[in-house]
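Enquirer: One letter stands for each residue in the lines below.
Number of protein chains: 2
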Amino acid sequence: MRLSQFHLHTSKETPAEAEIVSHKLMLKAGMIRKLAAGLYTWSPLGLRVLRKVERAVREEMNAAGAIEVLMPAVQPKELWEETGRWEKFGGQLLKIKDRKEAWYCFGPTHEEVITDFARNELSSYKQLPVNFYQIQTKFRDEIRPRFGVMRAREFLMKDAYSFHVTDEDLGREYRNMYDTYGRIFTRLGLKFRAVFADTGAIGGSASHEFHVLADSGEDAIAFSDGSDYAANVELAEALAPGARAAAGEELRKVDTPTQKNCEDVAALLGIGLARTVKSVAIIGSDGEGKPQFALALVRGDHVVNEIKLSKLAGLAEYRLATEAEILEHLGAQPGFLGPVKPLKPVRVIADRSVAAMADFVVGANENGYHLAGVNWGRDLAEADEVADIRNAVAGDPSPDGKGTLGIARGIEVGHVFQLGRKYAEAMKLSVLDDSGKAATPAMGCYGIGVSRIVAAAIEQNFDEAGIAWPEAMAPWQAVVCVINPKNDAAVAQAAQDLYQDLLKAGVDAALDDRGLRPGAMFADMELIGVPHRVVVSERGLAAGSFEYRHRRASEAENLDRAAVLARIGGAAQ
Amino acid sequence: MRLSQFHLHTSKETPAEAEIVSHKLMLKAGMIRKLAAGLYTWSPLGLRVLRKVERAVREEMNAAGAIEVLMPAVQPKELWEETGRWEKFGGQLLKIKDRKEAWYCFGPTHEEVITDFARNELSSYKQLPVNFYQIQTKFRDEIRPRFGVMRAREFLMKDAYSFHVTDEDLGREYRNMYDTYGRIFTRLGLKFRAVFADTGAIGGSASHEFHVLADSGEDAIAFSDGSDYAANVELAEALAPGARAAAGEELRKVDTPTQKNCEDVAALLGIGLARTVKSVAIIGSDGEGKPQFALALVRGDHVVNEIKLSKLAGLAEYRLATEAEILEHLGAQPGFLGPVKPLKPVRVIADRSVAAMADFVVGANENGYHLAGVNWGRDLAEADEVADIRNAVAGDPSPDGKGTLGIARGIEVGHVFQLGRKYAEAMKLSVLDDSGKAATPAMGCYGIGVSRIVAAAIEQNFDEAGIAWPEAMAPWQAVVCVINPKNDAAVAQAAQDLYQDLLKAGVDAALDDRGLRPGAMFADMELIGVPHRVVVSERGLAAGSFEYRHRRASEAENLDRAAVLARIGGAAQ
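Taken in order, these protein sequences are the chains called C and P. At position 48 of the first sequence (counting the first as 1) the number is 48 in full-length UniProt numbering, and the numbers step up by one without a gap. At position 171 of the second sequence (counting the first as 1) the number is 171 in full-length UniProt numbering, and the numbers step up by one without a gap.
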């Protein structure tokens with residue numbers, strides 16, 4: 001592409017409305033232009049990137065045996081009533097009334113439409129398994145659309161739906177899609193993790209989310225350095241540490257007049273935070289439905305995980321205890337609480353790590369005091385329950401027994417679900433099995449946020465000068481920058497020749513023949529994130545060389561023509 | 001593509017709801033599946049064809065210098081109010097209210113959005129000319145959606161919009177797009193015509209429609225056999241014939257008791273229909289706004305063109321005269337009317353052809369009688385006006401002076417407009433010109449109905465067995481059919497080898513390894529319209545040959561491997 005014939009429109013101003021890096025850089029680079037809240041036009045530059053993602057997704061889906069279809073964006077209400085989702089889906093469903101007063105929606109997802117398609121198309125086990133996918137525009141009427149295309153209302157999505165006679169076969173295709181997603185994100189050059197997930201609103205029985213790792217990600221992910229284990233921090237299991245050490249200290253009361261949290265107590269005593277225990281006072285219900293006071297104990301450097309806690313008996317709807325309830329049961333104010341000698345009987349729930357501690361520090365149930373050298377079985381009874389009730393942290397052993405957990409932040413860009421028979425049953429999809437009996441197929445569904453990947457990739461790949469695209473997603477892999485093309489025919493010709501050589505070598509190259517001064521031209525190319533830059537100048541030509549610089553390199557190098565081609569062609573493969 | 005791994009789903013039944021051939025065949029072939037009124041899912045088979053059209057359009061648009069963008073489907077009301085189209089567009093505009101009670105529409109076209117994009121993106125003449133296009137899903141809420149994807153509500157369209165400092169430059173790009181459209185339809189292998197058109201609702205100053213020719217087309221097109229002239233029959237100028245011949249007959253009254261139309265009179269008199277004149281009694285208004293009785297005269301074998309007639313003075317809102325008005329002015333009943341000796345003064349408007357007639361036949365203004373041997377200037381005064389007031393017919397001279405007109409029916413699949421400054425002015429788009437002054441750009445817009453082309457192509461290319469795709473649009477160019485693959489490994493292997501050879505030769509080939517019996521397999525391939533079919537059978541292999549048949553050929557031929565490859569590879573280029 002000759003950039004003089006293209007429409008490139010960068011901006012030096014940092015847009016005030018953009019809250020995150022990718023939104024800022026996409027606006028500055030001129031990749032998108034806002035039309036209305038959560039609605040964006042993809043400029044020529046932005047669309048080049050979007051199409052590269054789309055193509056990678058399509059080719060890998062095809063290679064995995066999925067078959068492309070194209071369903072309408074507009075969907076009739078009747079189908080959504082069959083599954084009960086017309087009401088249940090909530091405010092994100094954009095409802096539309098046509099000229100005949102019939103109700104439709106702008107599809108936020110296509111389970112209903114594909115299941116309707118399937119019940120018309122599929123009648124025999126011989127047609128199964130089959131996996132239909134589309135790459136199509138969807139709409140979710142977000143309450144607060146923001147972050148540009150990261151959380152837009154209209155967006156481009158790849159959604160796939162598979163149909164199977166048996167659960168085993170669904171499991172096989174689920175694994176196939178899981179592997180395919182890995183190939184897609186690897187091919188795009190993104191650091192990512194497949195994360196165990198709850199199934200959420202769509203329903204079903206097994207699910208992984210695919211996250212692009214980025215510091216700005218909304219979700220914290222615990223992942224192993226020794227396996228492909230990854231899970232949302234809130235879902236990752238925190239294993240029991242080794243056996244408890246023997247008691248080594250005497251129980252003693254320490255004066256902590258103003259020290260109301262573990263950090264302050266540890267600092268005062270000159271001990272590690274991991275030697276302290278945090279006591280969280282909560283109210284659950286006992287076996288008969290009456291309120292029950294409980295203490296949830298986690299190590300001072302850990303955080304209580306509400307989801308895990310709420311899965312314990314009687315705690316499904318637990319709440320924090322009031323100061324009055326605390327005073328009644330423990331006889332002290334928050335900040336000085338602990339499991340030793342409460343006023344009234346208390347249910348004690350110890351995190352696995354706490355149960356393994358010896359010589360620890362807890363509140364003394366007396367204002368202004370803590371207890372140190374506390375030991376289970378000697379100073380207090382063993383806990384009523386030992387359970388995993390904390391968030392996993394970096395350094396924890398991986399739950400699969402392989403390696404150690406790290407914590408990263410991620411942006412969800414893909415999701416694979418085992419839907420089971422929920423939609424097939426609701427919509428009466430059935431096929432004849434190999435014995436001639438009607439069978440309800442099991443379904444899987446597999447989504448990728450195509451437009452979201454563009455923003456997520458930027459969150460992972462940028463610096464102060466702009467975007468630093470992975471090779472496979474860049475609008476162009478390489479740009480040939482011409483210094484002063486209008487006044488120097490030899491330079492213009494040399495640049496044109498090099499550009500043509502790159503095209504012939506299969507490199508998606510651009511020729512920046514716009515005639516900008518070098519500073520502005522280089523700033524543009526760094527902002528839009530072209531991986532390889534070659535400068536053709538009079539001085540360079542005289543020396544028989546071109547100035548080459550990779551977007552992530554700190555320095556430029558002078559290379560001859562063959563070296564430039566080798567460098568770019570090699571990287572572009 | 002191995003068809004055992006594909007989802008092909010043909011049907012033997014002719015769908016009752018389909019009124020036209022393309023709709024029937026697309027349903028039978030399983031290319032589309034109806035979701036709701038005017039909403040269709042494209043099956044894997046249908047999508048293959050749609051994508052081939054899309055690709056041809058994209059590649060030719062890119063080659064013509066247009067730049068692809070992607071605009072949202074959902075558009076805010078505010079933009080449509082700037083151009084006044086929120087109200088004016090009418091019921092086809094699907095209006096949508098979001099969760100915040102703000103109004104949007106599902107875009108039926110994108111003039112407003114692109115002009116808004118342009119006023120943000122374009123500020124200098126240096127950025128012009130520029131032509132932005134997209135291939136995107138649109139929605140028009142048709143009162144009566146029908147004919148499958150031919151008149152669907154949701155459809156795929158290529159829309160392009162160009163911006164120019166001068167009208168001359170708009171004219172240049174208009175010609176560029178006109179030529180590009182020609183290349184697109186030629187590449188797709190379609191017979192088509194570019195037709196002069198009125199600009200209709202979108203507004204502007206020059207316009208051509210592109211029609212795929214098909215007997216079932218909604219529009220009649222007059223086209224020259226000696227040039228690229230083509231126009232809607234209603235718009236095509238009917239030229240004046242040669243000079244009037246001298247009178248050769250005496251005026252005489254003929255007895256036509258029951259002959260109330262030209263056909264019957266001509267039959268009774270044993271003369272050609274072209275010797276008779278039809279008199280249509282209408283009411284227009286005179287120069288002062290009063291009703292004026294007029295006779296519009298066309299040759300018996302011609303048809304009055306209401307559009308042309310209404311362009312004459314006082315006839316903008318003309319209507320047919322009532323029997324009472326006719327009796328008052330002419331003294332006779334319809335069927336016996338004519339311009340000779342009316343009871344009251346009558347405005348006589350003669351079509352050019354009528355003005356050139358001698359010795360013609362008209363009604364006598366006396367019930368049961370006609371006049372024969374009528375001549376202008378002798379039996380009645382010359383007409384008050386001579387004008388082109390009829391539809392062009394086959395055999396007319398072409399208005400551009402080159403060749404003779406034929407009439408064909410067409411399906412509109414593309415449209416190029418010179419919009420001028422209508423949208424730019426309404427939405428305050430301006431750029432600085434080369435003298436630093438604000439200038440309002442001229443705009444062009446250029447549409448192609450991508451999904452409609454698929455149906456139109458079928459209307460042009462089918463037979464009793466099914467679709468007969470042009471090479472460039474076929475789901476596959478060639479299919480290798482295997483007889484009895486499960487029981488004959490040698491046949492299966494030979495078919496696989498030939499299939500691979502075709503792929504290597506760049507042919508988009510399919511391998512029909514579904515194991516159907518030959519009749520069903522061949523019927524499927526004829527129905528879905530694959531151009532080249534090669535059958536691999538035990539008998540053929542024994543003779544060292546394959547049975548080759550082109551979809552349009554009446555007979556199969558036995559060819560060796562090299563001949564098969566040469567035949568298909570050659571045609572596929």
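One or more of the hints may lead you astray.
For identical chains, the list gives no copy identity; a pair is met inside one copy or between any two copies.
Claimed, not checked - The list that follows gives simulated cross-link-like pairs (lysine to any residue, SDA-like), each with its CA atoms no further than 25 Å apart:
#1 LYS253 - ALA356
#2 LYS34 - SER11
#3 LYS77 - LYS95
#4 LYS12 - ILE67
#5 LYS402 - ARG517
Because the hints were derived from the structure by calculation, they are not lab data.
Enquirer: Each hint should be assessed against the structure and marked as holding or not.
Expert: Hints and how they fare:
1. LYS253 - ALA356: Classified as within; 21 Å inside a copy, 125 Å across copies.
2. LYS34 - SER11: Only inside one copy: LYS34 and SER11 sit 14 Å apart there, 46 Å across copies, limit 25 Å.
3. LYS77 - LYS95: both (9 Å within a copy, 16 Å between copies)
4. LYS12 - ILE67: between (44 Å within a copy, 23 Å between copies)
5. LYS402 - ARG517: neither (55 Å within a copy, 54 Å between copies)
Hint compliance for this structure: hint 5 alone is broken.
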